[in-house]
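Participant: Residue numbers (my numbering), protein chains in the order written: chain D, 1 to 339; chain L, 1 to 339; chain E, 1 to 339; chain Y, 1 to 339.
It should be emphasised that the hints constitute simulated quantities derived from the structure, not laboratory data.
Just so we're clear, the structure is a prediction, and the values are computed from it rather than from any experiment.
Every residue, glycine too, gets a C-beta built ideally from N, C-alpha and C.
Hints may contain errors.
[Stated by the list, open to error] 16 Å max Cα-Cα, derived EDC-like pairs, lysine to aspartate or glutamate:
id, chain 1, residue 1, chain 2, residue 2
1, E, 305, Y, 50
2, D, 244, Y, 215
3, L, 305, L, 320
4, Y, 70, Y, 80
5, D, 155, D, 179
6, E, 244, L, 156
7, D, 84, D, 201
8, E, 244, Y, 304
9, Y, 12, E, 304
10, L, 305, D, 23
11, D, 152, D, 179
12, L, 118, L, 156
13, D, 244, Y, 325
14, L, 226, L, 201
15, D, 331, Y, 325
16, L, 305, D, 50
17, Y, 244, D, 215
18, L, 244, E, 215
19, Y, 305, E, 23
20, D, 112, D, 151
21, Y, 244, D, 325
22, D, 12, L, 216
23, L, 112, L, 156
24, Y, 331, D, 325
25, E, 12, Y, 304
26, L, 84, L, 201
27, Y, 260, D, 278
28, E, 244, L, 216
29, Y, 244, E, 50
[Stated by the list, open to error] Computed from the model, here is a short list of chain Y residues facing chain D with C-beta under 8 Å:
id, residue
30, 115
31, 227
32, 228
33, 230
34, 244
35, 246
36, 249
37, 250
38, 332
39, 334
40, 336
Okay, here's what each chain looks like letter by letter:
4 protein chains.
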Amino acid sequence: MIIVMRAGATDKEVQGVVGVIRELGNQEHVSRGKETTIIGMIGEERGIEEARFAGLPGVVQVLRVLTPFKLASRQYHPEDTIVKVGRRRIGEGTFTVMAGPCAVESQEQLLKTACEVKKGGAAVLRGGVFKPRTSPYAFQGLGIEGLRFFDKARKETGLAVVTEVMSVTEAAIVGRYADILQIGARNMQNFRLLEAVGRQEKPVLLKRGLSSTIEEFLLAAEYIIKCGNPNVLMCERGIRTFEKYTRNTLDLGAVAAIKKLSHLPVVVDPSHATGVRDYVIPMARAAIAAGADGVIIEVHPEPDKALCDGPQSLTFRQFDQMMKEIVPLAKVMGKTLVK
Amino acid sequence: MIIVMRAGATDKEVQGVVGVIRELGNQEHVSRGKETTIIGMIGEERGIEEARFAGLPGVVQVLRVLTPFKLASRQYHPEDTIVKVGRRRIGEGTFTVMAGPCAVESQEQLLKTACEVKKGGAAVLRGGVFKPRTSPYAFQGLGIEGLRFFDKARKETGLAVVTEVMSVTEAAIVGRYADILQIGARNMQNFRLLEAVGRQEKPVLLKRGLSSTIEEFLLAAEYIIKCGNPNVLMCERGIRTFEKYTRNTLDLGAVAAIKKLSHLPVVVDPSHATGVRDYVIPMARAAIAAGADGVIIEVHPEPDKALCDGPQSLTFRQFDQMMKEIVPLAKVMGKTLVK
Amino acid sequence: MIIVMRAGATDKEVQGVVGVIRELGNQEHVSRGKETTIIGMIGEERGIEEARFAGLPGVVQVLRVLTPFKLASRQYHPEDTIVKVGRRRIGEGTFTVMAGPCAVESQEQLLKTACEVKKGGAAVLRGGVFKPRTSPYAFQGLGIEGLRFFDKARKETGLAVVTEVMSVTEAAIVGRYADILQIGARNMQNFRLLEAVGRQEKPVLLKRGLSSTIEEFLLAAEYIIKCGNPNVLMCERGIRTFEKYTRNTLDLGAVAAIKKLSHLPVVVDPSHATGVRDYVIPMARAAIAAGADGVIIEVHPEPDKALCDGPQSLTFRQFDQMMKEIVPLAKVMGKTLVK
Amino acid sequence: MIIVMRAGATDKEVQGVVGVIRELGNQEHVSRGKETTIIGMIGEERGIEEARFAGLPGVVQVLRVLTPFKLASRQYHPEDTIVKVGRRRIGEGTFTVMAGPCAVESQEQLLKTACEVKKGGAAVLRGGVFKPRTSPYAFQGLGIEGLRFFDKARKETGLAVVTEVMSVTEAAIVGRYADILQIGARNMQNFRLLEAVGRQEKPVLLKRGLSSTIEEFLLAAEYIIKCGNPNVLMCERGIRTFEKYTRNTLDLGAVAAIKKLSHLPVVVDPSHATGVRDYVIPMARAAIAAGADGVIIEVHPEPDKALCDGPQSLTFRQFDQMMKEIVPLAKVMGKTLVK
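Chain D with its partners taken away, still in its complex shape:
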């Protein structure tokens, strides 16, 4: 941490900062220039916030030298993490397509979708049974009953399953039925939940919060890894901006940034990012070209009848079209499709 003092800071002010540094068990390095005095803190800085110094008398700015995340950082862990889901390997060098309905509505709907997306080239089946809904009056998902439908779908298609966990108490049971636990965007900073999935064995698909910075996103991953679960898939799903033609704004720059800052695989969700069926395929293409390791796509047998997110769900035909368009791009990018 580097603490910049105001021009003409007094000795007492400098000593105040030095005192805090020592109190934190660290050492100081004071450099007095003509115009300003700069104090470096030598020692562990993670877990110490800029705020600890920002309000002290004479301090004008506080600068962090290290990233605040460690286990999730590439500095600490230079090789790419490959997340294993059974025999499948998600990460650098491969491309994984996850697909399925927004909400699981029936055994038949789920199974039919599973068969179709499997045929099209997906490796993972998605589908929500615990649904975080903005309105308490909206369809809240089938709950545990819906979980059971996954078993048959997995058995008949061999697809792995990803589904959302909404609370600490659901983590264990979802862990029994799913191969990947999803943390939704609205729960990205539900820290108790992050700790709970951090104690599970199954990999976690962590969605970026609607207004989360890349740094906060990686710190959320840090919570999970710190609790013992290193298998985190970072999912960029669009951030909230002023633009209204799309539901959210897909931030593909975040894909490039996370690939540089971290060793974790990155998956893109163009369905929630755009909210509009017509934009899902172009954004899936763009995701792969940006360097993503996978996409997660909403597909429904009859989007017009979907209980949730119909306008952004692809039909089976559109899903096939998407696969036709992205496979050659994956090849150019040197990525093998995970089956």
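Start from chain D and add chains L, E and Y according to the hints.
Facilitator: Only chains L, E and Y this time, still in chain D's reference frame:
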């Protein structure tokens, strides 16, 4: 709900929409104009999303007629809600000052702060013992031990207590020690937690999410009320924008809007909204003039040593200065200070 | 400027930075710590961007020590600027109400409005004749003809006049008819236009851009002052965010920040900030309590017939109500109403 | 336009709306439902704002049926516009690389860059001589002298030239030296400037404003086309959001949306969008996969010595690397590289 069809929509497309309306147990009213056809849905629309119609063939726009929240709306409940906390009445006609440290650090720190803010004119003591922190390495709060410190502070000062609940499993125990349960900004759409505090007896201080719209904020209140707890205090605490001179952007327009759209009391948190001590007093003044029913303020015996949020915490002297400035404004606004 | 090098930066990398500092005519102060090397640049830093160093090998962060604006800063000019408009003095200690129609529509409309707002307590008449409109099909203003209407209104009421300038070529003629030149939000970074009004004698009301930071806003003022015109009124008029219940998000924290960082007076525009008539009065009240030196308000004889911005225009009766509410607040704030 | 009245709207309120519709020369279609009354306006709606109705008594919502832009819309002009720059054809089916320094610094720098990017596969040379700078103390460009340097660069390489116009008075002279006139992001709603380039013969590269919606962006293009110049290239260059790891947030969803809503070609600027050299290549790749018709890239012989935007400028070697990566993607996308 009003569904606008594209120019030249076919009969089949119109029938498709009508079919969905009837399936939902509602009735249609079709109005064919020269340029466009408009279909009104008559009946219950809450719980039905625009998305249910937005993706249907021929549909160009879907328009909600009613607000999606009901119990929280002034349409449904025209009189202002007054939230009772013991003998204190929070809401229209009164002004409540809540104050205390960001984090409870010790019995002594809490008690000292409680005495000072009580003397200054506060009615409620704030302080976090379960702390939602962006980094897993940051101070996470004293937990249950900290809760116990509130008992002494309440006994000696008579102040009511508000503190944050972070998970479903903590709701009951926090409910035993606190007079008001706080839901933090990052948990505003942690729906399981909303349901949990909705089943508690104590009033809830609901903080607005960092990127939540006013509509989503009121829908979060709706979750709580729907579960049986009508005593919700809406807390505007700044939203996330591009501006970086302040930590967040305080949205006082939201105070005016919520006062119009809803019957619930509104409290403003200028400490988190600005993140800068110097701006807390002006924003507390502005909040009261905007029509807020209270403020919640971070105060610390020694902000320079605070384990959390020091730069935005007021000293005791500054807190007294704030009270001196806001009391005359409250008077002009026709509001009585709650003691 | 402070340049932080990566851990283990080589001598060559350090020398690279030092070379650039010297090339810029400044001196370096190199401080080698155990973990990192920090280089301070001593000398003039304004006009040098962080980017000049940010891309150099070995550099991890660049930190500006001084604000990038100088003439507009309180560091440089500690006393509050009072802008004189004839005998009127706008700034600290006074409160100025500017009011009038969004667009000048006719001599009669302007005159009638002028008389009413004068009676109510306004000191300045606003009204647009050159209208920057998002759509080329919208009413573009009466142009020079409209300018002439101001003469009669001023003569009959004694009000000062503020109106917008949209281009360099209009600056001189608007300067002949208006007492204050307005730069609209969409032109806040039209640098040629800033230079043009910087060469005029009349004070300038500078509106904040829709997505401008406070720093950019003050740098826009710096352009004007640097060209010779020190009389700049900073106008906060709401920024663009995700929230849609209000047209923009009024950033009153910016009022507090500009009052601290700069010596220039601050005026608030609650009409454009909220876009909703019902919210204008509460936000005018909040502005004054936040420390603003004035407000600018849209008023129309018949808002329902306004050619522009009807929904946010106050009626005469509402304007009177607003004055009744803000005058006592101004008094509490120690401010005298400018007549 | 569709005007939705509140439940229980009176006849007088309905007649008020009808009166305005007729005043505007249009016809009404009133549809009274059980719960609400809806009024359709039949006739020309472009140029009429929602605000014209939004404030009328009894009105709860106003809904536009047509896009507010016409000449720029695909509804009106279904075939893709191909912009001709000499023998080159920019638009659907082709891919154009524009490259060069942020600022023209000398004849030598420009020429050297031009030769290299030409060799690498660029078709258009970029470079600023009139530079819109946030700070008045920053390098403002070489001005007219710099314009002359383009002549030699064009002659020696055959590249077309794009450069920025900052004011109405510069439009003609820039038009003599450049093949494409650039409107910068900060001037996207400088309507006088849009009109000025609309009267020029040269094609226009229109950059999206930092916080402009796609609709406003297309309306800015509408200004230019309406003034007589149909050759507009839409340039997505990142929008301003809360995220700070990248300078702006590249909105590739906007590429897909504009391709659907409009017939105009779309160019992407990954240099300004990310502000970080390492992210330029991934975002150039993503742009092409999203369906863009070109990219505009900052390249500098020695980025470390660039007077402007060094951190985001590619070296010659990096530019070659970029071309190597995007050419195969262009091929997959069915696009021919414009030489």
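Participant: Do the alpha carbons of residue 12 of chain D and residue 216 of chain L lie within 16 Å of each other, as the hint requires?
Facilitator: Violated, at roughly 48 Å.
Participant: Taking 16 Å as the top limit, are the C-alpha atoms of residue 244 of chain D and residue 325 of chain Y close enough?
Facilitator: Violated. Residue 244 of chain D to residue 325 of chain Y sits at ~32 Å, over the 16 Å cutoff.
Participant: Is the hint on residue 334 of chain Y kept, meaning its closest Cβ partner in chain D is under 8 Å away?
Facilitator: It is violated, given that the least Cβ distance between residue 334 of chain Y and chain D is near 11 Å, above 8 Å.
Participant: Given the hinted pair residue 84 of chain L and residue 201 of chain L, is their alpha-carbon gap at most 16 Å?
Facilitator: Distance of about 11 Å is within 16 Å: holds.
Participant: With a cut-off of 8 Å on the beta carbons, see whether residue 244 of chain Y makes it to chain D.
Facilitator: At about 7 Å, which falls below the 8 Å cut-off, the nearest Cβ of chain D leaves the hint on residue 244 of chain Y intact, so it holds.
Participant: Is the straight-line distance between the alpha-carbon of residue 305 of chain E and that of residue 50 of chain Y 16 Å or less?
Facilitator: At roughly 13 Å apart (the allowed maximum being 16 Å), residue 50 of chain Y and residue 305 of chain E satisfy the hint.
Participant: Sort out whether residue 216 of chain L lies within 16 Å of residue 244 of chain E, counting only the CA atoms.
Facilitator: Distance of about 11 Å is within 16 Å: holds.
Participant: Does residue 84 of chain D pair with residue 201 of chain D here, judged by a C-alpha cut-off of 16 Å?
Facilitator: Holds: residue 84 of chain D and residue 201 of chain D sit about 12 Å apart, inside 16 Å.
Participant: Sort out whether residue 50 of chain E lies within 16 Å of residue 244 of chain Y, counting only the CA atoms.
Facilitator: 15 Å, holds
Participant: So if I understand the rule, the pair passes when the alpha-carbon distance is 16 Å or less; does residue 244 of chain Y with residue 325 of chain D pass?
Facilitator: Distance ~32 Å between residue 244 of chain Y and residue 325 of chain D Cα, so the pair is violated.
Participant: Hey, residue 244 of chain L versus residue 215 of chain E, does the alpha-carbon distance stay inside 16 Å?
Facilitator: 9 Å, holds
Participant: So if I understand the rule, the pair passes when the alpha-carbon distance is 16 Å or less; does residue 244 of chain Y with residue 215 of chain D pass?
Facilitator: 9 Å, holds
Hint violations for this structure: numbers 3, 6, 8, 13, 21, 22, 30, 31, 32, 33, 39, 40, all remaining hints satisfied.
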